[in-house]
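Peer 1: Letter by letter, the chains look like this.
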Amino acid sequence: MSAAPPLLSVRAVCFGYGGYEGREASEPCPGARRRRGEAGRPFRLADVSFEVAAGELFGVVGPNSAGKTTLIRLISGIHAPQRGDLRLGGEPLAALGRRGLARQVAVVPQTLAVAFPFAVEELCLMGRYPHGGRLFEGAADLERARHAMQLAGVLELAHEPIDSLAGGERQRALLARALAQEPRLLLLDEPTNHLDLRHQREMAGLLRQLNRERGTTILFVSHDLTFAGELADRLLLLVGGRVAKVGAPSAVLDELTLEAAYGCPVTVEKSPDSGRPVVLVRWPGPRERQ
Amino acid sequence: MITRRRVAVATVGALVALVAVGMVALLLGAAPIRFGDVARALTGRAIPETTASIVLSLRLPRVLLGALAGAGLAVAGAAFQALTRNPLADPAVLGVASGAALGAVVGQIVGFEGTLLATIGLSAVSFAGALLAATAVYLIATSDGRMPIQTLLLAGVITGLFFSSAITLVISLVDASRLGGILHWLMGSLGTLGYRPVAVMALGGAVGGGVIYAEARALNLLALGEEAARQLGVDAERVKRVVFVAASLLTGLVVAHTGPIGFVGLVVPHAVRLSVGPDNRLLIPLSAGTGATFLVVADTLARLVVRPAELPVGVITAFFGAPFFIYLLRTRLRQGLA
Chain A
1 MSAAPPLLSV RAVCFGYGGY EGREASEPCP GARRRRGEAG RPFRLADVSF EVAAGELFGV
61 VGPNSAGKTT LIRLISGIHA PQRGDLRLGG EPLAALGRRG LARQVAVVPQ TLAVAFPFAV
121 EELCLMGRYP HGGRLFEGAA DLERARHAMQ LAGVLELAHE PIDSLAGGER QRALLARALA
181 QEPRLLLLDE PTNHLDLRHQ REMAGLLRQL NRERGTTILF VSHDLTFAGE LADRLLLLVG
241 GRVAKVGAPS AVLDELTLEA AYGCPVTVEK SPDSGRPVVL VRWPGPRERQ
Chain B
1 MITRRRVAVA TVGALVALVA VGMVALLLGA APIRFGDVAR ALTGRAIPET TASIVLSLRL
61 PRVLLGALAG AGLAVAGAAF QALTRNPLAD PAVLGVASGA ALGAVVGQIV GFEGTLLATI
121 GLSAVSFAGA LLAATAVYLI ATSDGRMPIQ TLLLAGVITG LFFSSAITLV ISLVDASRLG
181 GILHWLMGSL GTLGYRPVAV MALGGAVGGG VIYAEARALN LLALGEEAAR QLGVDAERVK
241 RVVFVAASLL TGLVVAHTGP IGFVGLVVPH AVRLSVGPDN RLLIPLSAGT GATFLVVADT
301 LARLVVRPAE LPVGVITAFF GAPFFIYLLR TRLRQGLA
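Chains as they are written, first to last, in the working numbering: chain A, 1 to 290; chain B, 1 to 338.
Note that these hints are calculated values from the structure, not bench results.
The structure presented is a predicted model; accordingly, all values stated were derived computationally and were not measured.
We treat Cβ as the ideally placed atom computed from N, Cα and C, and that holds for glycine.
Hints are supplied without guarantee of correctness; some may be wrong.
Just a few of them, taken from the derived set where beta-carbon distance is under 7 Å, the chain A residues facing chain B [to be verified]: (1) R99; (2) A115; (3) F118; (4) R198.
Taking the hints into account, I'd like the entire structure generated from these sequences.
Peer 2: Here is the structure:
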């Protein structure tokens with residue numbers, strides 16, 4: 001009996017913007033073509049491989065410019081990798097088509113500037129676009145959009161223009177739009193960015209609830225190691241475009257690994273509530289020179 | 001939620017208003033004509049020949065031309081605003097109208113006049129000019145896939161100035177006797193053109209407007225930015241290209257026959273958006289209806305205020321439009337809508 005394929009499979013993926021002549025990072029990608037006349041621009045992602053099983057809550061962490069957002073762009077079909085293989089449910093991403101992919105993968109971006117004052121409900125109805133209907137949504141679409149708004153807790157904001165919302169509400173409205181897509185895989189780019197403590201906690205609760213109660217597979221990217229370790233089943237640590245470590249939060253978030261990845265001293269403690277790792281920076285003392 | 005029914009009801013409402021305003025416009029002029037006579041002329045019943053000829057040969061084609069031009073400019077404006085994600089865009093601001101005008105000037109000098117084929121030819125060169133200017137602005141203003149508002153407005157102004165200078169150059173090089181009505185046309189006017197341009201504009205406008213409306217839902221999603229739109233399944237590149245060409249077609253068709261008339265494409269979609277919201281499926285047909293009504297009203301005023309002479313209609317639209325544009329700059333831009 002063969003096991004079902006993982007929902008998301010990323011195999012030996014290499015990607016760079018523009019002229020992608022890799023400097024350090026590209027070297028293990030044999031045969032990557034070099035373009036003449038391009039200044040050496042390193043790959044943003046080099047030889048990245050991992051899998052996400054259906055129903056998993058998967059976190060991606062790493063220092064600045066590790067390639068976290070780039071990874072989301074690749075999985076959502078904005079860019080195609082120069083090398084390697086991306087599959088969803090066993091099918092190559094490219095074979096799904098733009099609409100087909102949007103029916104299965106939804107993205108909650110870090111921020112979203114909406115050019116015109118669309119209301120939250122209109123935003124969520126946009127999430128129904130990949131599901132068909134040429135010019136107008138139907139009653140079923142409205143029902144699903146409202147259901148998504150209810151899940152994300154923005155139903156009472158349905159008729160508010162998006163640009164009038166506060167940070168936490170805005171983030172939840174973006175989540176509602178993604179849920180209205182009814183994706184198999186939900187991608188979130190820094191879901192707690194710009195959120196205060198209460199809203200961070202709310203977001204964590206919401207994502208866990210979606211994952212546990214509705215079985216939504218979630219891949220999120222975060223700067224916040226403690227948040228990521230608290231929420232995720234498994235973590236991937238990305239450093240300079242390469243996979244440094246994949247595994248349970250307690251295995252990835254250990255002092256030696258993090259010090260090597262971030263190049264600064266950290267202390268990892270255990271959360272008294274959950275037993276999950278809590279990552280603390282060891283701040284420089286007054287005499288220490290940086 | 002925007003439904004087919006809501007769009008249909010709003011569109012019928014806008015059309016009823018347009019027909020009512022158009023009827024009033026037929027009554028008014030250097031020689032006022034009674035409603036009964038206009039109605040008789042329109043239904044082909046016996047009235048004095050001069051009255052019939054004023055209504056059917058002068059005023060009716062002018063009202064129809066005004067309605068089509070107003071609708072075309074407003075829809076082109078709404079389309080450019082959606083494409084550039086910028087409420088300050090319109091065919092004139094982006095320099096597209098100047099490109100169309102250059103094409104039309106060349107066409108008129110070459111002698112596209114008098115036959116149906118010539119009318120079509122004039123529309124075609126004007127369309128080509130519009131497309132050229134739109135492409136130039138687009139290429140100048142885009143860097144790294146983004147189009148910042150300041151760069152876009154500057155690129156539009158510069159392109160517009162360039163094409164205006166090119167028009168001046170062409171005119172100064174051509175023998176004055178061949179200029180004919182060009183100078184008058186350049187001021188923007190719905191003067192006595194007859195039914196030929198009405199027919200060409202109606203047909204071409206239906207094509208351009210239809211193409212844009214077919215993408216209305218995708219244009220809504222473009223408001224989220226190209227990346228988000230693509231992640232929702234929109235083929236952003238195709239939508240942009242198609243709508244871009246169609247909006248240039250509308251601009252070219254209008255400018256070829258009326259000359260440059262400013263502010264309709266800017267003011268009308270924005271005013272409509274303020275009252276019914278930003279959804280293009282409702283915004284586009286209502287902008288068409290409102291733009292048509294607005295230009296018919298403006299042209300009627302242009303015929304009346306200095307009777308029996310008349311003002312170029314562009315003067316009237318600018319007197320309404322310029323203050324509104326300033327209002328937009330002062331409020332919207334400050335809120336960071338860019």
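Peer 1: Does each hint hold? Answer for all of them.
Peer 2: For each hint, the structure was consulted:
With its C-beta approaching chain B no nearer than about 4 Å, A:R99 sits inside the 7 Å limit, and its interface hint holds. Because the smallest distance between the Cβ of A:A115 and any Cβ of chain B comes to about 4 Å, under 7 Å, the interface hint for this residue holds. Taking 7 Å as the C-beta cut-off, the interface hint given for A:F118 holds, the closest approach to chain B being about 6 Å. A cut of 7 Å between beta carbons decides the hint on A:R198: the least distance to chain B is about 26 Å, and the hint is violated.
Consistency note: the structure conflicts with earlier hint 4 alone.
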